[in-house]
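Chain residues, written in single-letter form:
Number of protein chains: 2
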Amino acid sequence: MEDTLIDNLSIDCVIFGFDNEELKILCIKRNTEPDFGMMALPGGFVYLQEDLDKAPARRLKDLTGLTNVYMKEVGTFGNVNRYPLRRVITIAYYALIKISDYVIHAGEDAQEATWIPVKQVPQMVFDHNKILEAALTKLRERVRMEPIGFNLLPEKFTITELQTLYEQILDTKFDKRNFRKKLAKMNLLIDTNEKQQNVSHRAAKLYRFDKKVYESLIKKGFVFDL
Amino acid sequence: MEDTLIDNLSIDCVIFGFDNEELKILCIKRNTEPDFGMMALPGGFVYLQEDLDKAPARRLKDLTGLTNVYMKEVGTFGNVNRYPLRRVITIAYYALIKISDYVIHAGEDAQEATWIPVKQVPQMVFDHNKILEAALTKLRERVRMEPIGFNLLPEKFTITELQTLYEQILDTKFDKRNFRKKLAKMNLLIDTNEKQQNVSHRAAKLYRFDKKVYESLIKKGFVFDL
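Each protein sequence line maps, in turn, to chains A and B. With our numbering, the residue at position 177 of the first sequence is 181, and numbering never jumps. With our numbering, the residue at position 168 of the second sequence is 172, and numbering never jumps.
Heads up, some of the hints might be wrong.
Repeated chains share a single entry, so a pair holds when one copy, or any two copies, can fit it.
To be verified - With a straight-line cut-off of 30 Å between C-alpha atoms, the simulated DSBU-like cross-links for lysine-lysine are:
1. 123 to 223
2. 33 to 185
3. 123 to 224
4. 134 to 209
5. 142 to 189
6. 134 to 223
7. 58 to 209
8. 134 to 224
9. 160 to 134
10. 216 to 65
The set of hints was computed from the structure by calculation and includes no laboratory data.
Let the hints inform the model, and build the full structure from the sequences given.
Here it is in structure tokens:
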């Protein structure tokens with residue numbers, strides 16, 4: 005059955021990734037009007053016969069090749085003049101992924117798909133910078149309530165990598181000793197008894213994340229107080 | 005200037021209120037098709053020239069007479085068949101108010117506007133019961149992170165009223181002594197040195213809420229651990 009796009013209703017995706025140094029988002033370069041050639045969040049219109057929550061995964065795949073990404077809603081953006089050609093309301097979603105787990109490639113509807121450090125994101129189309137800000141606010145709220153940062157790290161990681169991640173998300177600097185002390189109190193990390201390999205500096209210890217402790221903390225409610 | 009309604013885009017409002025005994029929501033009885041005469045959340049379509057976030061206040065006023073209610077987004081509901089006549093996506097909002105602060109009256113577009121205890125809400129139109137569930141989930145999440153319950157209580161309240169409110173929101177029972185002990189630890193309450201008046205039982209002490217302590221807790225992040 006042929007389906008048609010609903011021309012006043014779109015979705016957009018803010019995909020956060022971490023490469024152990026910087027927090028990044030996935031951007032595309034548009035190859036359609038309006039704003040051909042400009043950077044944008046991956047997104048697009050919803051089909052008439054498509055449940056709304058299926059649209060983000062479809063567009064993400066078409067534009068960037070990414071699949072199997074679990075997305076949560078950021079919110080709805082519906083100012084009258086947010087889209088230049090007509091009234092369009094967009095629903096924004098976000099996700100956190102490990103960059104190294106995925107291969108991205110520009111799909112048919114994009115000139116490019118690329119990871120850009122959050123701090124270096126250029127002016128994007130429409131209100132996409134505002135959508136990014138709202139997604140960052142959600143991420144910062146959530147990171148205090150759940151150790152979601154772990155979604156962005158490899159299975160085994162160093163404390164320095166974890167600290168860098170939280171510094172990047174919260175846009176701040178932590179004192180190294182204090183950070184380690186607070187982490188230790190939470191009992192969330194398990195020492196793997198392994199060390200980094202093939203590094204030029206002194207190899208650091210590798211940790212993993214204790215899911216059982218995490219789940220019991222989530223149930224009780226807790227603040228990731230860094 | 006004449007404006008037209010966007011016929012595939014609506015908003016709905018979940019207005020939570022508390023009357024010191026029960027958690028309630030504001031419902032209307034529809035006087036339009038489809039589902040004329042059925043109970044529903046207050047809601048309606050968005051105008052083409054209206055910013056999305058202005059629509060909930062307008063509809064709430066038109067349907068129930070309520071004004072000056074600060075609403076937050078619950079999320080978007082966009083399953084293909086959620087509305088019987090055509091494809092309509094709705095954005096849901098919620099708010100917490102003190103029932104005694106407001107007078108409600110059915111507006112032109114409603115047969116009735118009435119407070120219904122959350123536990124006695126009947127089958128409503130479309131997916132409105134699902135929207136209520138989602139709003140309740142948001143409320144329960146938020147109540148653990150912020151003492152938002154205070155929005156629902158009169159300025160001076162008894163500990164029993166506070167306990168009843170949290171029991172209603174979280175759909176649980178607390179041990180009275182334990183509840184008082186945990187509350188005391190948070191330092192959030194100020195003894196007004198006043199007592200209830202005109203009650204048939206022994207008058208209980210009245211408390212108010214310490215906004216300074218609350219704000220510093222919010223800044224640090226905390227869990228309202230009841």
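Ascending list of hint numbers which this structure does not respect: 2, 4, 7, 9, 10
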